[in-house]
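Protein chains: 4
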Amino acid sequence: MILHLKNTISNQDAAKIAAEIKAFHVTSNGTNVLITGSGVKEVPAQISDKVDQFWVFPNDMQLASKSYLPTKREVKIGNVTIGGTTKNTVLIGGPCSVESEEQIRESAKLLVDLGLSTLRGGCYKPRTSPYSFQGMGLDGLKLLAQMREEFGLSVITEARDATHIDEIIEYSDVIQVGAKAMYDQGILRACAKTNKPVLIKRGFGTTLQEFVQAAEFVLSGGNENVILCERGIRTFETGTRFTLDLCGVAWLQEYTNLPIILDPSHAMGYAYGVPVLAKACVAMGIDGLLIEAHRNPKVAKSDASQQLTHQEFTELLNVLRPVAQSVGYQMV
Amino acid sequence: MILHLKNTISNQDAAKIAAEIKAFHVTSNGTNVLITGSGVKEVPAQISDKVDQFWVFPNDMQLASKSYLPTKREVKIGNVTIGGTTKNTVLIGGPCSVESEEQIRESAKLLVDLGLSTLRGGCYKPRTSPYSFQGMGLDGLKLLAQMREEFGLSVITEARDATHIDEIIEYSDVIQVGAKAMYDQGILRACAKTNKPVLIKRGFGTTLQEFVQAAEFVLSGGNENVILCERGIRTFETGTRFTLDLCGVAWLQEYTNLPIILDPSHAMGYAYGVPVLAKACVAMGIDGLLIEAHRNPKVAKSDASQQLTHQEFTELLNVLRPVAQSVGYQMV
Amino acid sequence: MILHLKNTISNQDAAKIAAEIKAFHVTSNGTNVLITGSGVKEVPAQISDKVDQFWVFPNDMQLASKSYLPTKREVKIGNVTIGGTTKNTVLIGGPCSVESEEQIRESAKLLVDLGLSTLRGGCYKPRTSPYSFQGMGLDGLKLLAQMREEFGLSVITEARDATHIDEIIEYSDVIQVGAKAMYDQGILRACAKTNKPVLIKRGFGTTLQEFVQAAEFVLSGGNENVILCERGIRTFETGTRFTLDLCGVAWLQEYTNLPIILDPSHAMGYAYGVPVLAKACVAMGIDGLLIEAHRNPKVAKSDASQQLTHQEFTELLNVLRPVAQSVGYQMV
Amino acid sequence: MILHLKNTISNQDAAKIAAEIKAFHVTSNGTNVLITGSGVKEVPAQISDKVDQFWVFPNDMQLASKSYLPTKREVKIGNVTIGGTTKNTVLIGGPCSVESEEQIRESAKLLVDLGLSTLRGGCYKPRTSPYSFQGMGLDGLKLLAQMREEFGLSVITEARDATHIDEIIEYSDVIQVGAKAMYDQGILRACAKTNKPVLIKRGFGTTLQEFVQAAEFVLSGGNENVILCERGIRTFETGTRFTLDLCGVAWLQEYTNLPIILDPSHAMGYAYGVPVLAKACVAMGIDGLLIEAHRNPKVAKSDASQQLTHQEFTELLNVLRPVAQSVGYQMV
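In the order they appear, the protein sequences are chains A, B, C and D.
Each residue of the first sequence is one higher than the last, beginning at 1 in our numbering.
Each residue of the second sequence is one higher than the last, beginning at 333 in our numbering.
Each residue of the third sequence is one higher than the last, beginning at 665 in our numbering.
Each residue of the fourth sequence is one higher than the last, beginning at 997 in our numbering.
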């Protein structure tokens, strides 16, 4: 249940009430908002005179639900706003991993040349083998920060586990919670305490319901800047790396109020399929795309097969513009 | 292995050679084509002087493979041609089941009013329960034939099992092999002996490789008019009915030479998601869409939740036109 | 809904009543049984005085449901009875495919030597490629019949599609409906009209609910001798061929009244895992096992990797006996 | 590649060599062991005279592989040893969550009364919703420690994320890495630095290969006491909570040298199926079982539906003993 308290009630009193009824307490646009589990179906008697408005839910998808907030939330990434009524589809590009200063600078330049705003690059790679390249770590984060300085780009990078979440929050403009980390409460609870945008990727074995509940961890902790990212689920089909769940995206658009960014690169796993899938994504009227591009994919230290060349990335943007336009959006 | 025999060899001699080496024998554009299993990697010595050209394959995806025929095949559905270089996306509409003359006539009229050409409607429904509505059977087929007469529409309907495949071949313009029937060799081998277009739906538990091999049953039997139809696979996600596998579509576009029609209605299972998914499909540059529409979905005898109203179907066509155009296609 | 009519009502009258209320009509142990869809929750008023007993169901799992018949049904396979209170676990052995008289006779001899009773062997193979070995067809069926004559064995073989179901019913003692054919109403409806036992394999993409509903096609048509066979479902895991769903078996044991035979050979796909999985199956207190064995698996024309040698099969029986005993069953 | 250095080489020199060739370095039974990625197929020339023995691998399953160490590893849990040649199947019982001192003491007493040795109980619950019961945290760990003191039991409990892994290592005898945390390198790397046994649960969307690679994180960091735990994967079937992958267990037994403990409670999700599945598990000759039991499952704060009563747990042990015996094992 979500309860909006009357505006005559102070923040401190709201906090006390929350503690009494074991609810989460956040403030949103000046309103004191209390959130209990969805099992609570009636306003607790002892606070009924303090409640302005309340919402009852069939399950724990509450703050993210359209039945609470029917309009899509807005999130600012640097100078770009997505969601709300903006009709912006942000194209986020960059390599799978930050590998060197030269490499990441070329990526940054590419984006600037194309008029784009947001650079991705992994520093703590959630590899499934200890014997694979694990990322540059803090050195990589510093390179990303340098690119922000030099080029005015926003940067997005991933927390692999809770041991370095503070670094990630410090260095990045958008905190990425990866598919393997999205149940990690150490990460989610830390993200709840900042106001930076948090992009949560759906686990490849995660239901839509669980996915949205991961967002609830951040929202109920007080950070409203949450973006959902579908990046492919694991199915019996192995001809492609994962299966991009666009039925699921239609479901998210119907039932949640959060902006949605799609990642066709990881879903497909092969560069040949990325452009055509990206077109499909953009035609759905989404808020952004994450596309992996590398100056020389063949020598990339991770995800070599799915990264586009810079040439391919440039062409992709050109074919995406009219598709976005055909559904009333623009690529930014 | 596929072998093209020299054009000096008569059809009868080709048939003899095929029998000798236990190969399939078809003629395509005047050429005698022999097909063996992909395990054969070298031209059999005894016929090496009779072979004009040959292709070796890593698996049994042969006639359907782009490495044999790199350009997309053309298929005619009545007056409409799809595939090849046509850049046509045919919108096939109609109800899940033919339920009555009035009902199917309203569907036919809708299509004609919208300038569309092809009517769908199930007569033998592959229900999973014996206690559900099983379709009108032959009476339904006759109603479809009547609509063809009255309105000049092509009709497509589904064979549930081999006991009525002859009826289906007789009455329909496009033979649909449903998701549950696509391993049915009784159906596939019958389809191989006609020249009518065959639309094969992917089973919801079927790999891409197996899917294309179902087409090989028809192609190797001599019918070149095969269309592939992705309609959603079964995954752990149950928020939607199935999961439309657009990564798989990218794979099919890359590796096969067959036209592709998509069915977002069955994948999604809920009308709310059909339009946005249909936009995603069309943006991929596909050859057609199957969309279920019913004059009154609430009382439909099957698939009530996923059928569009006629109003919604009309609006859908309008929003799809610019999307098709944005990728160089037109809706027909 | 299932209705038992009063025993004062004749079979003909029962048939009339069934037609009136659009119900299936079977007789079981002298009782006239009517079955409607599970949507019917109340006894139709016009027949209320003719009904002795009735059962309401939440879904179309009705005749197979323990809430209708709480004890496990008995099925006779030749001289062996399984199910009921027999505590028999029948071990059915034999090759994937009947390949030659010598081959199948060796299999038959092996079974006889081990005191076993039932021989399996495929004649119409549901291969996914037209270029693979498709089985010996009718010639194979005749060889199976010959083995029955010579050795007194029961034989079980599979219908691939409806075009040869009559042959299968004629030649086999147990009709196998394979995983790819289990939605095939041409097969299921034919099986409903015989009294021979029907073993229905679960499709690899089939839910438990749908699986049991396939049995309802046979049961509601009047054949009570139905056996369910779990043989592995398709999941994301590809280290093994399929995933044997023993949670599903626990579910079937809890909710259905049908005997259960398990097929670890197809689930595993590799001979090394068959014995250990077979032990797991037997420990669940099941009614039978289907195990593929071949005199020389390396040269088998199908499923080479998963067939046991005759030596391995013999050893398997020896290790299974104490496991069966430990749960109160015996191998037969 | 795994390399055993000659025993003339000191530990310090081994460490230097490891650094040179960027390998992991552990000592095992007095041998200096170096591990590189499996991409390395030849002994680096500069150290070839220092190598006693080496193993090449097709993938990054190396230290856990039977082709490195063909016999099953032994792991000690308190006074009980599993794996190796012990033929012990340890039955670990206890509630899903530690809820109170009384509750956990009743669990402890039950185990002691049954002659069992190891108590499970969650303190940091990896719930998918922020609004569910999250566990008692450190207070729960202290209660577990108290039970160890009072009853001489070993305790096993789960790390939810890296923020409290130090506590878990301090308070528990076996560190459980849960299904949602098994990619968490913050946890895995911490586990590598202790010598306490680590039980790694397979993620429900995790391949067997990735599962074993999670063990490689711990093994390559120097902790040899790793146990694998299969607890059900997520498939399309929703009649049960997950699908216990016993084909996968056969695969693990064939290819890895690690002890295996199975968790039928989480796989099934319903108490009715736990005993029959447990029998299946034990018949495979496994090293242990994790079974959830609660003094009053109906009021349990988590996993209410799948926990056995103490009475059911007691009966379960009785039916498991003869099954274990039938395959040469004993329940401990």
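Keep in mind the hints are simulated off the structure, nothing from the lab.
Small disclaimer: the values here were computed from a predicted structure and weren't measured.
Ideal Cβ positions, reconstructed from N, Cα and C, are used throughout, including at glycine.
You may find that some hints are simply not true.
[Stated by the list, open to error] Pairs of lysine-lysine residues, derived as DSSO-like cross-links and limited to a Cα-Cα distance of at most 27 Å, are as follows: (1) D/1294 with C/962; (2) D/1297 with A/41; (3) C/962 with B/354; (4) A/22 with D/1294; (5) B/354 with C/860; (6) C/962 with B/633; (7) A/301 with D/1138; (8) B/630 with C/686; (9) B/404 with B/419; (10) A/22 with D/1037; (11) A/142 with D/1294.
[Unchecked claim] Some, not all, of what chain B presents toward chain A, calculated at C-beta under 8 Å: (12) 379; (13) 483; (14) 537; (15) 603; (16) 608; (17) 609; (18) 614.
[Unchecked claim] Residues from chain D that keep clear of chain B, each with C-beta distances beyond 10 Å, as calculated: (19) 1027; (20) 1141; (21) 1220.
The hints, checked one at a time:
1. D/1294 with C/962: Cα-Cα ~54 Å, so violated.
2. D/1297 with A/41: holds (19 Å)
3. C/962 with B/354: Within the cut-off at roughly 22 Å; holds.
4. A/22 with D/1294: holds (22 Å)
5. B/354 with C/860: Roughly 37 Å between the alpha carbons, so the hint for residue 354 of chain B and residue 860 of chain C is violated.
6. C/962 with B/633: Measuring from Cα to Cα gives roughly 51 Å; hence the hint is violated.
7. A/301 with D/1138: violated (44 Å)
8. B/630 with C/686: holds (22 Å)
9. B/404 with B/419: holds (11 Å)
10. A/22 with D/1037: Judged against 27 Å, a Cα distance of about 58 Å means the pair is violated.
11. A/142 with D/1294: Judged against 27 Å, a Cα distance of about 52 Å means the pair is violated.
12. 379: Violated: closest Cβ of chain A sits about 33 Å from residue 379 of chain B, beyond 8 Å.
13. 483: violated (30 Å)
14. 537: Check passed: Cβ of residue 537 of chain B comes within 7 Å of chain A, closer than 8 Å.
15. 603: The hint is violated - residue 603 of chain B has no Cβ within 8 Å of chain A, the shortest such distance being about 11 Å.
16. 608: holds (5 Å)
17. 609: holds (6 Å)
18. 614: holds (7 Å)
19. 1027: It holds; residue 1027 of chain D is separated from chain B by about 43 Å at its closest Cβ, greater than 10 Å.
20. 1141: holds (38 Å)
21. 1220: Non-interface label on residue 1220 of chain D holds, nearest chain B Cβ at 34 Å vs cutoff 10 Å.
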